[in-house]
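**Q** Each chain is listed here by its residues.
4 protein chains.
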Amino acid sequence: MTTLKSDDFFTKADALIAAGCFIDKNGWVPATSGNFSARLQDGNIAITVSGRHKGQLVRDDIMLIDPHGRSLDGKKPSAETLLHTALYHRYPDIKAILHPHSMNATLAARLFKTEVILEDYELLKALAGIDTHASRISIPIFPNDQNIPRLAAVVDDYLDSHGDIHAYIIAGHGFYTWGASVTDALRHLEALEFLFDCEIRLHGVKTS
Amino acid sequence: MTTLKSDDFFTKADALIAAGCFIDKNGWVPATSGNFSARLQDGNIAITVSGRHKGQLVRDDIMLIDPHGRSLDGKKPSAETLLHTALYHRYPDIKAILHPHSMNATLAARLFKTEVILEDYELLKALAGIDTHASRISIPIFPNDQNIPRLAAVVDDYLDSHGDIHAYIIAGHGFYTWGASVTDALRHLEALEFLFDCEIRLHGVKTS
Amino acid sequence: MTTLKSDDFFTKADALIAAGCFIDKNGWVPATSGNFSARLQDGNIAITVSGRHKGQLVRDDIMLIDPHGRSLDGKKPSAETLLHTALYHRYPDIKAILHPHSMNATLAARLFKTEVILEDYELLKALAGIDTHASRISIPIFPNDQNIPRLAAVVDDYLDSHGDIHAYIIAGHGFYTWGASVTDALRHLEALEFLFDCEIRLHGVKTS
Amino acid sequence: MTTLKSDDFFTKADALIAAGCFIDKNGWVPATSGNFSARLQDGNIAITVSGRHKGQLVRDDIMLIDPHGRSLDGKKPSAETLLHTALYHRYPDIKAILHPHSMNATLAARLFKTEVILEDYELLKALAGIDTHASRISIPIFPNDQNIPRLAAVVDDYLDSHGDIHAYIIAGHGFYTWGASVTDALRHLEALEFLFDCEIRLHGVKTS
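Note that the protein sequences, when read in sequence, are chains F, X, E and U. Residues in the first sequence are numbered from 1274 upward in steps of one, following the numbering used here. Residues in the second sequence are numbered from 1274 upward in steps of one, following the numbering used here. Residues in the third sequence are numbered from 1274 upward in steps of one, following the numbering used here. Residues in the fourth sequence are numbered from 1274 upward in steps of one, following the numbering used here.
Please keep in mind that the hints were generated in silico from the structure rather than gathered at the bench. Among the hints, erroneous ones may be present.
Just so you know, same-sequence chains aren't split out, so a pair can sit in one copy or run between any two.
Claimed, not checked - With a straight-line Cα cutoff of 20 Å, these simulated DMTMM-like cross-link-like pairs (lysine to aspartate or glutamate) come out: (1) K1298 x D1470; (2) K1349 x D1404; (3) K1398 x D1418; (4) K1298 x D1287; (5) K1386 x E1472; (6) K1278 x E1395; (7) K1398 x D1297; (8) K1398 x D1457; (9) K1398 x E1353; (10) K1386 x D1339; (11) K1386 x D1404; (12) K1398 x D1470; (13) K1348 x D1333.
Okay, chain F solo, but in the shape it has when bound (with noise of 0.2 Å):
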């Protein structure tokens, strides 16, 4: 089964390509981790199949799917698909989802264990809604699990009783961000990438 693809199933699939070889560059999708999906204007979902370099993507690798995750195209979506079409139907705004697999998200949580607190910077400006560096956000970190429908049903929980967020780390696994496009989602991963090597890097340092 395989269906005709729109000219904005194109569009937006070479946006997730292009943000690949950003990702990749800056060494955030190692190996074959990571995914990326974007919203399409009919509500489908462009997403990227499992299994390929992040960095190395064609348009082949970039599958279509419904709002509740079944292929629409006869390729088999990913486990965590599922991750993507919770924060799609939560969030009516966001049109793009990045899942970066980075060192700093790894690291930050071994070193912050439930949440990265991000305060007083500059760059969190570069978040959706945010219009001073005298602002602080939590980031949670959720633990891993291979149960995908079992974590989606823990980022809700967290998210009906903590309110909106601009990202969540899954431990040993990277982070999920989002945007209102796919330009705004990779400037959301840019900042917080440089924000969460910030925390890092000043983790245990005396500064006073």
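Based on the hints, put chains X, E and U in the right spot on chain F.
**A** This is chains X, E and U only, laid out in the frame that chain F set:
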């Protein structure tokens, strides 16, 4: 309102675009951080608009302002424009200002609080007016402030009382450096990044 | 003596050349260190000659040997060839072996002495046969030895008594990893570099 | 005064330009630091002029001097030229000298003061004349000095009393290494950067 731009404008804009590629390649302007400017022969200033990735600039991302920071091409100047015009006003000989937003500047502000002292480095000779490693300079660190006129006044007061400097850091917000050309400012930037990195890596290390 | 080489040889040689570019871009084969090989369909082996920079390989830098390590094209095999042929002899399914000489492997040997334990990383799933982060593997570290037959015997003894592993480190000398194709071996290499880096950066850090 | 330059000059100049690109790509010649030279077949020397970025050299940035350091093409040699001619005078077999100004050399001088001891590294075999990791070499560190004849005399005295070495560090000022060709000198440089980096990263770390 759109003014016809001069060859001088485009030459300087292209130099800023190339500087941006170099600076970004080194990771010193994450997300859409940083801004750059160059003074034209007629006294007006070419300066980056806000909100663009500084490693992916095109000519349309460089706007034209007068020496007081007023737009000459209908584009909206960023709030930080005032930090540029204040430096051009004070120092008639400088023709370019570069503001990276680097990890090194961010960490240096956290570690060293009020100033970074640099001495006994051959690379100090890359800074204008220094001809021996046996020099000692201070790069002051100012607290971040979303009120740019107030921040500009803090910088001005410091310069009035301390005399000339080669650069200043804004805590959590990168640093500003300048020179007689884009090339000179970029040499200053690259040398300072190296020297900040040295100081950070040696901080707290037992060296004797 | 020069043997006519097959299309299979050139296909594998080109894959090793491309792998070398990727590995060198990451800084994992400094100077002329490292060596790579791929088993051909006829059982012979394409392997890098010694003394070449592995990021700048050309086809003439790949030689042809038989399964016993004897030259089939008149080029002189390096002493380390025996480490490759021993692995191919033991594991009929592997088709490629990559030996980077990285900072991470070098530091890991100094810090961890006899083995690197890797557990609770999603990226372990990049290694053949592992399907959950809740795995624990050991990468053994062997002392360096200029006597390669003696070193090969140490490796063989270890494998006889401990069973299959995904890679081994030679102290001060990088590591060996392998896979069912050059692509698979390269995925293993990239994942292990990441995981070694994590362990090194967390070594001695208070994480709770 | 401009001398007609030989094919040999241009071949060597191009090798130095390519070496500069490689060295800069690794961040080892920040700003306009560093200098490189190669001895021609007629005994004269091609050497970089001062004040240029060593990652962006063109043929016009390489000048011709005689074995005593006197300009043969009207360009003004840098003060450090004397460190090159002294090495060529002492060692008839060396044909190239590379002086990077790297973070690793700068930190090594601060941490290790008088010498860097390198032993038990396979990569020592990348240095001319070493055929086992079970070697121990010393890279001496000399104090920086703007008086280059005086610095050259310190180096000469050391070599007279200690015998041959593979490189020397000038504190706060990078290091010098050399070889029988630009390729050999570059292999030495790359290996030493790796080994300095290892020693720096292991400094003060509890490894047993």
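**Q** Now, for every hint given, state plainly whether the structure supports it.
**A** Okay, the hints, checked on the actual structure:
1. K1298 x D1470: Close inside one copy (16 Å) and across copies (17 Å); limit 20 Å.
2. K1349 x D1404: between (41 Å within a copy, 17 Å between copies)
3. K1398 x D1418: So K1398 and D1418 pass the 20 Å test across copies only (13 Å; inside, 32 Å).
4. K1298 x D1287: within (17 Å within a copy, 22 Å between copies)
5. K1386 x E1472: Classified as both: same-chain Cα gap 13 Å, cross-chain 16 Å, threshold 20 Å.
6. K1278 x E1395: Answer is neither: 41 Å inside a copy and 32 Å across each miss the 20 Å cutoff.
7. K1398 x D1297: between (24 Å within a copy, 19 Å between copies)
8. K1398 x D1457: within (12 Å within a copy, 30 Å between copies)
9. K1398 x E1353: between (29 Å within a copy, 14 Å between copies)
10. K1386 x D1339: Classified as neither: same-chain Cα gap 34 Å, cross-chain 51 Å, threshold 20 Å.
11. K1386 x D1404: Classified as neither: same-chain Cα gap 28 Å, cross-chain 24 Å, threshold 20 Å.
12. K1398 x D1470: within (17 Å within a copy, 25 Å between copies)
13. K1348 x D1333: For K1348 and D1333, only the intra-copy Cα distance (10 Å) is at most 20 Å; the inter-copy one is 41 Å.
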